[in-house]
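Protein chains in written order, with this note's numbering: chain U, 1 to 154; chain W, 1 to 154; chain D, 1 to 154; chain A, 1 to 154; chain B, 1 to 154; chain L, 1 to 154.
In case anyone wonders, no lab produced these hints; they're calculated from the structure.
These numbers were taken from a predicted model, which means no experiment stands behind them.
Yeah, the Cβ is synthetic: ideal placement off N, Cα and C, and Gly gets one too.
Fair warning: there could be bad hints in the mix.
Unchecked claim - Taking CB as the label site, the calculated pair distances span:
| hint | chain 1 | residue 1 | chain 2 | residue 2 | range |
| --- | --- | --- | --- | --- | --- |
| 1 | U | Arg23 | D | Arg23 | 49 to 59 Å |
| 2 | A | Ser40 | B | Ala143 | 53 to 63 Å |
| 3 | B | Asn39 | L | Ser50 | 20 to 30 Å |
| 4 | W | Asn138 | A | Ser142 | 27 to 37 Å |
| 5 | A | Thr47 | B | Arg23 | 51 to 61 Å |
| 6 | B | Gln43 | L | Ser129 | 10 to 20 Å |
| 7 | D | Arg23 | U | Ser3 | 57 to 67 Å |
| 8 | B | Asp61 | W | Glu68 | 47 to 57 Å |
| 9 | L | Ser129 | B | Ser40 | 14 to 24 Å |
| 10 | U | Pro27 | W | Ser50 | 45 to 55 Å |
Each chain is listed here by its residues.
Number of protein chains: 6
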Amino acid sequence: MKSIGVFPGSFDPFTKGHEDIVRRFVPLFDEVIIAIGVNSKKQYMFTQDSRQNHIEELFKDESKVSVETFQGLTVDFCKQKKAQYLLRGIRNATDADYERSIAQMNQQLSGIETLFLMCDAALSPINSSIVREIKKNNGDISAFVTKDELLIIN
Amino acid sequence: MKSIGVFPGSFDPFTKGHEDIVRRFVPLFDEVIIAIGVNSKKQYMFTQDSRQNHIEELFKDESKVSVETFQGLTVDFCKQKKAQYLLRGIRNATDADYERSIAQMNQQLSGIETLFLMCDAALSPINSSIVREIKKNNGDISAFVTKDELLIIN
Amino acid sequence: MKSIGVFPGSFDPFTKGHEDIVRRFVPLFDEVIIAIGVNSKKQYMFTQDSRQNHIEELFKDESKVSVETFQGLTVDFCKQKKAQYLLRGIRNATDADYERSIAQMNQQLSGIETLFLMCDAALSPINSSIVREIKKNNGDISAFVTKDELLIIN
Amino acid sequence: MKSIGVFPGSFDPFTKGHEDIVRRFVPLFDEVIIAIGVNSKKQYMFTQDSRQNHIEELFKDESKVSVETFQGLTVDFCKQKKAQYLLRGIRNATDADYERSIAQMNQQLSGIETLFLMCDAALSPINSSIVREIKKNNGDISAFVTKDELLIIN
Amino acid sequence: MKSIGVFPGSFDPFTKGHEDIVRRFVPLFDEVIIAIGVNSKKQYMFTQDSRQNHIEELFKDESKVSVETFQGLTVDFCKQKKAQYLLRGIRNATDADYERSIAQMNQQLSGIETLFLMCDAALSPINSSIVREIKKNNGDISAFVTKDELLIIN
Amino acid sequence: MKSIGVFPGSFDPFTKGHEDIVRRFVPLFDEVIIAIGVNSKKQYMFTQDSRQNHIEELFKDESKVSVETFQGLTVDFCKQKKAQYLLRGIRNATDADYERSIAQMNQQLSGIETLFLMCDAALSPINSSIVREIKKNNGDISAFVTKDELLIIN
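Full structure from sequences and hints, please.
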C-alpha cells in the first residue's frame, strides 16, 4: 500500500513556512498531496489558479508532490485519495491548542491521523494573514513567500 | 437564598462538552440556567427554537436545569435571575487566557463570579465551530452532539 | 449533606493570591478546609507551625474556614473529610495546563471534582517561589503576603 | 538623533490598559506617537474623530506624546516618522504568541524593533472587543476606559 | 533503507499515554525503538529492569517494536541505530513549547527530525510525575498504566 | 541622567540567544550591564570566571556593555547601579507567562520596569539547560554558543 500524506490549507498564500513543512515530510511518504481547500463563501486574496500554479511551480522537481483542490471535509478528501495521514506544522503554543482540537476530532470522525512537524524556527513567525496584510499595503512579501511574483490578486 | 448558576453560550450547537460541564455543575447548585445568548446581528447555523428544544430535551429529567434565551450582557441576565455564579468549562490554555479576561471583567463590572470546571479529557477537543464545519459538509456530528437529530439548520 | 471544599497546597507561604481565592470560595460552601500538604522529604522555607498559625490568623473571623495538615494523596484527604470538591485558582495559561492534568487525573482516580476561580487580576503575578526568593534575599514580602510577620523561617 | 516610539492600534476604544502602557514607555523616549490605524474596510464602533480626541485629551499634559492616524503598514508609518521602535503591551500567553509573530515579521521586513512591557496586572483583563460588547449593551465601561464620555458611537 | 523511529524517554513509568503514541506510530515505520534514557545521576522510582520488562511485555506481540536503553544524547543514539526520526506526543500547549525547543535544537545538531502525534484526548491528562506521586502514596495507578503490576519500586 | 539597563541571568552558558538580545538592546541605552547572578547554593556547569570571561570577550568591542556579578535580589542590584530597566527576551508563550509574573512582582517591589524583546526567531529554540545537556554528553554546542571554547567546566 502506498503511504500518502495530505497537507491541507487555503494557502492564501503558500508561504516559506508551508514549503518547508512539505519538503520535510516528503521523505516519509510515497506521495504527498498539497490540498487547496475551496470554500465558495470565502473571499481569498489571490486567485485559486495562481495559488495552485504557484505551489506546482515550487514543487515541479519533486515528483512525489502533487497539488489538488478540494471541497468539503478534509477527512473525506483523504479517504477519496486513500491517504492515511494529514500533515501539519506547529509554530507555537496557540497553534498547538488549535491543531490538537482539529486533529483529535478528525481522528474520531474518520480514523485518519494527523502528523506534525515543528516549523523551522526561522520561519515560525510567518503567518498567511499578516502576509496578506503586507501585500494589501504594497509591502514586499518576498522574504516570506518563494516566487511570490507568480501570485495574482483577485 | 437559592444558589443559582448560569451557563451562558450561543450553543450553535450544544455539544457533549457543554452537556458534561452542566451535568457536573448541577450538584453544586439549587438551580442551573442554560442561557442561550441571542444576538440579532449574528448568523447562527441552527434555528434558535431547535437549539432550545435540543437542550431542553437533553435535560428533561433534570429538574434543577432550565433553558432560557437572553439578549444583552450576560451579567445583566444573571442579576435579573438573581444568579450568583457564571459557569464555564476550560478545554486548554488558549481557552483559559480568553476566559480569564472575560471572568475578571465581569467580576469587576458586576461582582458576579465565574466558576470553572476542566472539561472531561475525552470531550476536550470538541469545538462548536468545527462541529458546524463538519455539519455544513454533511459529516456525521453524532460523536460530538447527543441527539443531534433534534437540530434544524437555519 | 454539608458541602465541603478543600483548598490544598504547601503554602510556603500562603500569599494574598491564595487568600483571595479562599475568601471568594467561602460563600459557595458550608465548610472550606485549607489543607497544608506535608511531605517529609521536602524542604520548606517556613516552619509548618508558623504556616498553619499564619493561615489560621488570617481566617480567625471566618467560621466556615479551618486549617489542617495532611500527608498522602489530596483525594484521600478529601474522602476522609467527606469533601466533594477540590478548590484551586488559575493565574495564567501555564497554570491552566498544569491544573487541568491534575484535576482530570484526580477526577478519574476518585470522582472528586476540582472547581476553579480565576485569580484576582491584580494578585495574579504572585508566586510562592518568587516570594521565597525575595525573602531569602531579605526583601520585603508584605506586598504579597498579609501579616507576613507571623511566618518563621525554618 | 531623537528616540521615537510608535504605539499602534485601532483603539476602538483606547483602554486603561493602553493608557498605562503608553505612560510607562514615555520616560524611555524623546517622543511617543500613538498611531491610530485607519482601515477604510473596517467598521469601528467609535468615530475616528472621537477616538483621536479621547486619546489627545488623556495625554494633553504629556508634551512628549502625540496622536496621529495612519493608513498602510505600521512599519512604513514608523519609517516616515523616523521612529526606531514599535511599542506594545503583553497581557497573557496568547497575546505573546500573536505579538511575537508580528514583531519578528516587522523586524525582518524593516529592521524596526518592537519593545514590550507587561501590562499592569490589574489592567491585564481589559480587552477592547469586550469593552465594545459591554458598551453595545449599554453597560458601564468607565472601569475600563478613562474619560469614556468623550467617545462617540458611529 | 528501513524507516526507523525512536521514541525516547525515562518512562518512570511508561503510561497509557506513551503506549497509545507508540501504537499509533507503528504503522508508519518498519521499526520503532522505545529508548529508555539512563542517567546515572538521576533517581528513578521504578527499577530500570522492571521498566524495560514492563514495556517489552506491553509490546511482545508487536514485532516491529523493540525496547533499548541508552546513555548520552538522544540524537547520538538515533545515529547509532540509523533511525531517521524521533517520535513524541503532545498533550497541551506547555508541552508544545517545550518539545518545540528540543526538536529544533536536535534538528540543528544532527539533522534528525522529530515527528509528533497529538495524544489521545482521554489520555492527555496522564503525567508520569503525577503517577509517581500517586504510587508513592499507595494510590492505584492502574487507570494510567497498563499492567502496572510489572513495575518494581527501587 | 544616564539610561542604564540590566540584563540578568545565570548564563550557564550565555547563548547566542542571550547575545542577540543584548546587542539589540544596546542602541536604546547609554549603558547595558550583563549581570551574572551568583547563588552559592546552586551548582553551575561552567566556572563563574569562565562565564564572565566568555561574555566579556563577546562584547569587548562594545563600549556600552559591561559584565558584573551580583548576589541577592536583581532589583537591589539595579538600584545600586542606578539602572532604570531590567532587560529580558521572550522565546515563547511559556516564557511569557513566567516572565510576566516576575516582571510584575519586581515592578511592585521596586518600581523598576522590565523591557522585553522577542528573541530572534532562528535563535528562539536555544535553551541553556538543553545546551548543558548536550555539553555533558560531549555534543558540539558551537551552533548555540559563540566562542564556546572559552567556557571551562566546573
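Here's how the hints hold up against the structure:
1. Taken as a hint, the range 49 to 59 Å holds for the pair U:Arg23 and D:Arg23, whose Cβ atoms sit roughly 56 Å apart.
2. For A:Ser40 and B:Ala143, the Cβ-Cβ distance of about 58 Å falls inside the hinted range of 53 to 63 Å, so the restraint holds.
3. Hint check: B:Asn39 to L:Ser50, Cβ distance near 25 Å, so the stated range 20 to 30 Å holds.
4. Against the hinted window of 27 to 37 Å, the Cβ-Cβ separation of W:Asn138 and A:Ser142 comes to about 49 Å, which falls outside the hint.
5. Separated by about 60 Å at the C-beta atoms, A:Thr47 and B:Arg23 satisfy the suggested range of 51 to 61 Å.
6. Distance hint check: the CB atoms of B:Gln43 and L:Ser129 are about 18 Å apart, consistent with the given range 10 to 20 Å.
7. At about 58 Å, the beta-carbon gap between D:Arg23 and U:Ser3 stays in the expected band of 57 to 67 Å.
8. The supplied range of 47 to 57 Å is met by B:Asp61 and W:Glu68, whose beta-carbon atoms lie about 55 Å from each other.
9. Take L:Ser129 and B:Ser40: their Cβ atoms lie about 18 Å apart, and the range 14 to 24 Å holds.
10. Remark: the range hint 45 to 55 Å for U:Pro27 to W:Ser50 is upheld by a beta-carbon distance near 49 Å.
The earlier numbered hint that this structure contradicts is number 4, and it is the only one.
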